Amino acid sequence: MQILAIIIKDLSQSLRTAFAIAMTFIMPMLVTGLFYFAFGGLNKGAPDIQATRVQVVNLDQAGSEVSAGQNLVRFLQDPSFSSLVQLKVVPDEKTARASIIDKTADVALIIPNDFSSSILTSAAPTSIVLYKDPAITLGPSIVRELVAQYVDGYSGVRVAVSTVTEEARLHNLPLDEATLRKVMLDYYTNLPSLNQNPPVNLTLSAPAAKSNNGEQDTSIVGRIMTGMLVFFVFFTGVFSFETIVTESENGTLSRLFSTPVHRGIIFAGKYLAALLLLIIQVTVLVVASTVAFGIKWGSLPSILLSATGMIIAATGFGIMLMSLIKNSKQSGPVVGGILAVTGMMGGLFFQAGNDDSFDVFRFLNLLTPQGWAHKAWKASLAGEQFSSIFPITLVLLAIGLVCFVIGTLQFRKRFA
Amino acid sequence: MQMLSLFGKDLKQVLRSRSSAIFLIIMPLFFMGLFGLTGSGSSDSRIKMGILNMSPDSAYAKALTKLLDSSEALNPVGLTTSDVSDMVREGRYAAVLIIPAEFEEQARIGKASLTLVFEQATATGQAVSNSVRAASNRLSSALLIGQISATTLGDAQSEELKNEAALSAADAWRNPPLRVISKNEEKFQPKGSAILLQMAPGILVQFAVFGLITTASLLVTERKDRTLQRLLTTPVRRSHILGGHILAMFTIVMVQEILLALVGQLFFGVDYLREPLALLLIMVTLALWSASLGLLIGALAKALEQVIILSMAGMFIFCIMGGVWFSLELTGDVFATVGHMLPTAWAMDGFQNLLVRGLDLGSVLLPSGMLVLYSFLFFGLALWCFRFE
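Those protein sequences? They're chains A and B, same order as listed.
For what it's worth, the working numbering labels the leading residue of the first sequence as 877, then goes sequentially.
For what it's worth, the working numbering labels the leading residue of the second sequence as 1231, then goes sequentially.
Hints are computed from structural coordinates only; laboratory data are not their basis.
Source: prediction; values computed, not measured.
Positions of the beta carbon are idealized from the N, C-alpha and C atoms, including for glycine.
There could be a bad hint or two in this list.
To be verified - Selected chain A positions facing chain B (Cβ under 10 Å, derived; list incomplete):
1) P967
2) D968
3) V983
4) S994
5) I1004
6) V1005
7) D1028
8) K1254
To be verified - Lysine to aspartate or glutamate pairs mimicking DMTMM-like chemistry, simulated, CA-CA at most 20 Å apart:
9) K1205/A / E1416/B
10) K1296/B / D1028/A
11) K1454/B / E1125/A
12) K1172/A / E1320/B
13) K970/A / D1455/B
14) K1413/B / D978/A
15) K1413/B / D954/A
16) K979/A / E1559/B
17) K970/A / E1416/B
18) K1289/A / E1021/A
19) K1413/B / E1021/A
20) K1292/B / E1390/B
21) K1172/A / D1316/B
22) K1292/B / E1332/B
23) K964/A / E1021/A
24) K1417/B / D1590/B
25) K1413/B / E969/A
26) K1205/A / E1535/B
27) K1417/B / E1118/A
28) K1417/B / E1125/A
29) K964/A / E1415/B
30) K1289/A / E1118/A
31) K979/A / E1320/B
32) K979/A / D1563/B
33) K979/A / E1415/B
34) K979/A / E1416/B
35) K1417/B / D978/A
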């Protein structure tokens, strides 16, 4: 009964303050909501990105046969690319490049004067030059891919002609101009079917789901929410034990110790109140983010396992940190600082890149309890089975236990 | 004089507090160090992708690997393990291309298949898939050319001739006759790692806002212990009280910015000092806006907890929407338009003009001007709130 009273008092104290409500529920949803707003389109599989402003200069001096430069401009003006490219034709290179400097365009595309002739003759290689603003990366790469895809159609003709010529030479076979024209025509004729039904078919696939039903969450928002969930659960886990420090300062704890209530019951009550608060927080955040952002958190056993490990680790970490804090004045900055640093090290705020230099960061991730909790949730989102998440949960439980023992011993020493 | 006394008092109070050292110095330096160590390690700016080649003896698989190798965007690495999904999910490789064991036979009959495993929701994933598709299309073209060669040279049934020509065409595709070359506009001269050039000013702007937890709380503490009310009963003018506070906040943010810029310059090769005057201008105006925001938070918050909430909410909103944590070009139209109205977006513009674009003083005039305008706006709001004090 006494323990219940302590739990209710601590819990109601936590849930009554605007600060606790904001940090427990509102902040993680706010941050994820902002990312959802930013990347919502990508999340649904239909990229919602801004059209790249392109200024194109067509210097191509086409002969009578093919105006490849003009064809390229028409290709980029195709209405199906209007959401990707906003094209403006300008008369000279200077104007196009000046538009990048004055930020009226993101890309300047220069079609060289020998573009058409280099397709039809075996002249030296020529290049379309794409000038870009170095602060912009995605738009120019999209334009580059579009142009390269188109230009490869013409390059293929030259490659076909040069290959046939070389093979004829190697095998001492006769070859005349008419045959080469036929090679060009053959290649052109086959180009549409080559694009529609290529002999080398590339299948694009997301990393395989580990669940039996193949369900997983690969969205950016899911990843962000996982980080926010772990960060704010540890934040709440640590700050819910602040009452021990504040009650010690204002004398309430000493008064409680003078009553017949056993100290173990007082601390157990505080621990259970924190545990309950974290269970409420995780439940609310998981349900709310599922409804609001459509995040697929994984199977129920995986969610329960990840949540259990995280909550135990967060409460243990909370007791340990608070046992090292001397007074409530110190708790805000020290704990805030430690949580931000360990959260950062745990990889909650950004994902390591695929560069080798990020190996250190990946190693640092697993030196923090947040890193392990993050790992468990990421596995759950990927649809991992109970058996794969269980070892991670065991690590989290061990971290929680070790931290709990350290914290309890510290408090025992302090209140002896 | 009274204003300077108040300014001195605030500075002393901040310098004496341990929390100031944590929020204003240690945390930003730690973040800077972490990003610096992770972001500047590799000289290869190409995207690392894995190739799981289950057909190592196949001539066509080798031709495809060479085509991928010749890509400007990709850094392909051979893999032997089959746990590719985990590698991509953990970010060790941006994508993994699986070449099946029967690739050679499939390619010879013109029905080859490849699988690319990648995170479709990321910009890096999209870039890799585009480049891999370009390489696989070139191999498809080479197979067609092989077929045309055999037909043209009068031996359509000759498998040997067809394959020889196809492989020769694949080799020719590594150096195609028509190319697209991507260059930075010559006036723009970025120096240093791309990650750091985005992250270093990002950390500077983020902590100019986050650090307000310390400085804005001074005002709340004064209100809480009634010092502010007592001050208001003295002949000291309100404007001097606010002036003292804002001057202290401005100085603290400036010191923090200078420290971060020096660390970036000396240890991580971020060329902040290329245009010292332009850098000073953007830093001063950022500090001015940050101090005005601090004053507003101090005016709005009635308790220390509220300072933390408002500072954190401010940091999240201004940093995420203002393109501090990621470039606004990666977001949708509406988000980018709204985001670019925020002062943090202008601050990032100013820093990027200097660091990423390598421009001069003229390029920071507009961003700095906008920051000054925002400073007036926030300062005005803070003054208005203080009317009710």
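Against the structure, the hints come out as follows:
1. Residue-level restraint check for P967/A is violated (minimum Cβ-Cβ distance to chain B is 18 Å; threshold 10 Å).
2. For D968/A, the interface hint is violated, since its Cβ never comes within 10 Å of a Cβ in chain B; the closest pair sits about 15 Å apart.
3. With its C-beta approaching chain B no nearer than about 9 Å, V983/A sits inside the 10 Å limit, and its interface hint holds.
4. For the restraint placing S994/A at the interface with chain B, the shortest Cβ-Cβ distance is roughly 6 Å, inside the 10 Å limit, so the hint holds.
5. Satisfaction of the interface hint for I1004/A is found here, the shortest Cβ-Cβ separation to chain B being roughly 5 Å, below the 10 Å cut-off.
6. The interface hint given for V1005/A is met, as the beta carbon of that residue sits about 5 Å from the closest beta carbon of chain B, less than 10 Å.
7. Interface hint at D1028/A: satisfied, since its Cβ lies 7 Å from the closest Cβ of chain B, which is below the 10 Å cut-off.
8. Hint on K1254/A holds. Least Cβ distance to chain B is approximately 7 Å, under the 10 Å limit.
9. Straight-line distance between C-alpha atoms of K1205/A and E1416/B comes to about 54 Å, which puts the hinted pair past the 20 Å bound.
10. Among the hinted pairs, K1296/B with D1028/A is consistent with the structure: their alpha-carbon atoms are about 17 Å apart, no more than 20 Å.
11. Annotation: proposed proximity of K1454/B to E1125/A holds, straight-line Cα distance about 19 Å (limit 20 Å).
12. Between the alpha carbons of K1172/A and E1320/B the distance comes to roughly 18 Å, so the proposed pair stays at or under 20 Å and holds.
13. Taking the CA atoms of K970/A and D1455/B, the gap is near 65 Å; set against the 20 Å cutoff, the hint is violated.
14. Between K1413/B and D978/A the alpha-carbon distance is near 17 Å, which keeps this suggested pair within the 20 Å criterion.
15. Distance check on the hinted pair: K1413/B and D954/A sit about 25 Å apart at the alpha-carbon level, beyond 20 Å; violated.
16. Straight-line distance between C-alpha atoms of K979/A and E1559/B comes to about 13 Å, which keeps the hinted pair within the 20 Å bound.
17. Restraint check: the Cα-Cα separation between K970/A and E1416/B comes to about 12 Å, which is no more than 20 Å; the hinted pair holds.
18. Distance hint between K1289/A and E1021/A is unfulfilled; the C-alpha atoms sit about 66 Å from each other, more than 20 Å.
19. In summary, the hint linking K1413/B to E1021/A is supported, as the alpha carbons are separated by about 14 Å, within the 20 Å threshold.
20. Taking the CA atoms of K1292/B and E1390/B, the gap is near 17 Å; set against the 20 Å cutoff, the hint holds.
21. Straight-line distance between C-alpha atoms of K1172/A and D1316/B comes to about 18 Å, which keeps the hinted pair within the 20 Å bound.
22. A distance of roughly 14 Å separates the Cα atoms of K1292/B and E1332/B; the hinted pair therefore holds under the 20 Å criterion.
23. Annotation: proposed proximity of K964/A to E1021/A holds, straight-line Cα distance about 18 Å (limit 20 Å).
24. Restraint check for K1417/B and D1590/B: the C-alpha separation of about 10 Å stays at or below 20 Å, so the hint holds.
25. Using a Cα cut-off of 20 Å, the hinted pair K1413/B and E969/A holds, with the two alpha carbons roughly 14 Å apart.
26. About 12 Å separates the Cα atoms of K1205/A and E1535/B, which keeps this hinted pair within 20 Å; it holds.
27. Distance check on the hinted pair: K1417/B and E1118/A sit about 56 Å apart at the alpha-carbon level, beyond 20 Å; violated.
28. Restraint check for K1417/B and E1125/A: not satisfied, since their Cα atoms lie roughly 62 Å apart, outside the 20 Å limit.
29. Only pairs whose Cα atoms come within 20 Å are accepted, and K964/A paired with E1415/B is accepted, the gap being roughly 18 Å.
30. Straight-line distance between C-alpha atoms of K1289/A and E1118/A comes to about 17 Å, which keeps the hinted pair within the 20 Å bound.
31. Restraint check: the Cα-Cα separation between K979/A and E1320/B comes to about 37 Å, which exceeds 20 Å; the hinted pair is violated.
32. Of the supplied pair hints, the one linking K979/A and D1563/B holds, its CA atoms being roughly 16 Å apart against a limit of 20 Å.
33. Annotation: proposed proximity of K979/A to E1415/B holds, straight-line Cα distance about 12 Å (limit 20 Å).
34. Of the supplied pair hints, the one linking K979/A and E1416/B holds, its CA atoms being roughly 14 Å apart against a limit of 20 Å.
35. Taken as a hint, the K1417/B and D978/A pair is honoured in the structure, with Cα atoms around 11 Å apart against an allowance of 20 Å.
Of the numbered hints stated above, those contradicted by the structure are hints 1, 2, 9, 13, 15, 18, 27, 28 and 31, listed in ascending order.
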